[in-house]
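All chains, full assembly: derive it from the sequences and hints.
Note that the protein sequences, when read in sequence, are chains A and B. By my numbering, the letter at position 77 of the first sequence is numbered 77, and the numbering carries on one by one without gaps. By my numbering, the letter at position 248 of the second sequence is numbered 1248, and the numbering carries on one by one without gaps.
It should be emphasised that the hints constitute simulated quantities derived from the structure, not laboratory data.
Keeping only pairs whose Cα atoms sit at most 20 Å apart, straight-line, the calculated SDA-like set for lysine to any residue is: (1) A:K27 x B:L1064; (2) A:K27 x B:L1068; (3) A:K27 x B:A1196; (4) A:K59 x A:G70; (5) A:K45 x A:K123; (6) A:K59 x B:S1191; (7) A:K27 x B:G1187; (8) A:K53 x B:V1093; (9) A:K59 x B:Q1194; (10) A:K53 x A:G70; (11) A:K53 x B:L1260; (12) A:K53 x B:S1191; (13) A:K53 x B:Q1194; (14) A:K123 x A:Y40; (15) A:K27 x B:W1190; (16) A:K27 x B:A1186.
Derived Cβ-Cβ restraints for the label pairs, each shown as a range: (17) A:T97 x B:A1195: 22 to 30 Å; (18) B:L1013 x A:A15: 50 to 58 Å; (19) A:F90 x B:L1076: 36 to 44 Å; (20) B:A1259 x A:Q41: 25 to 33 Å.
Keep in mind it's a predicted model, so treat the numbers as computed, not measured. Ideal Cβ positions, reconstructed from N, Cα and C, are used throughout, including at glycine.
Chain by chain, the residues run as shown.
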Amino acid sequence: MNRSILDLWVGLFVAAGFGGLLFLALKVGNLATFSTDATYQVNAKFSNIGGLKERGPVKSAGVVVGRVAGIRFDGETYEAMVTMNLDAKFQFPRDTTAKILTSGILGEQYVGLEAGGDGVMLKNGDRLRLTQSAVVLENLISQFLFSKAAEGKDPPKEPAK
Amino acid sequence: MLIGALRARLERLGGTVTSAVWRLGFASRFLFYLVVHSGTALRRFRLTIAQIYFAGVLSLVIILVSGLFVGMVLALQGYETLQRFGASESLGVLVALSLVRELGPVVAGLLFASRAGSAITAEIGLMKATEQISAMEMMAVDPIARVVAPRFWGGVLSMPLLAGLFSAMGIFGGYLVGVQLIGVDAGAFWSQMQAAVDWNNDILNGVIKSVVFGVAVTWIAVFEGYDAPPTAEGVSRATTRTVVTSSLAILALDFVLTALMFTGGNHQ
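Structure follows, in structure tokens:
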């Protein structure tokens, strides 16, 4: 086989291989959206984070504005400390509320931010004071059962009169 | 009598173990020598390019077709299971993660071992059997630098590209079946995939896996060829051994690498 034709095929192969990797990176892995953008870090304490994972999305009004950078346990307050990297393009007031929400009924859990009304914006390293923990299904069911049981106790008294 | 038979067995077992360790040592020394004497293969890069052609370009057809079909089957099977839980929109995630993390590197590696690895072993073994290797030594040409090293680097460079193409083709096959044939929503298919697949954790780890498999397969292939007894039977045995050993090596390495990469705990 002619040398130059061989080079052409190898060149095509290498180009196709890198094209495949580029396809994986851009179309499949969505590398372009979240990588080199400038971010700032904020912390929030939750009494229960449910099934939140590192790298989980942080959304505001349903739009992804950042990622969960780290989750650790605070041994002093017995709470979970969640560190989030927020996109520097989006500034949030200091009294923003952080909630742990679930997308759909079985979907993944994410941190939802609700902007407050403070004029001072969050800075790198700030902590969100207002948080709302994940809803734990077991607690919800037990509350429901207790309230049902309490309802069931009261009515029989009244008709007895 | 009984003790004598038992002793003979034990001796044979010991002999097998010793020769296996001896071969492993020789193979390691061979790899070290090969890497140190890779200067020629990298300076005269045309030698390596020719080997990329034989190992990579000629494997393209089987890799692309297998990737397409693996992706299509994944989409069909995955859809059957996911729609039971009403999660058929996650089909893209399932197809992409299985391909990028596992199936791409592993299946491409297995195909590469049987398509290119066996050819490398047979070629080097036959060169040895027809005394071309000794002739080179006679002419003061280092056969490892001239013959073995270009084949090694050709294989090592081809493997990650083949695995990437396999995954890309598989995702395309999954798209064809999932979106075009079954009718999963195209937007959900791609966006859920993009949300779940991470560059560092998934794609880069897949590439690292394919590089490791590429080194393992080509190392085994060139070593078996170089170590083959210079007879017709010896070459055929060496070729078989290449395919068996490198397939087993890929599966064992895949388990180790997966345990290292994906069981870190926090990421899913």
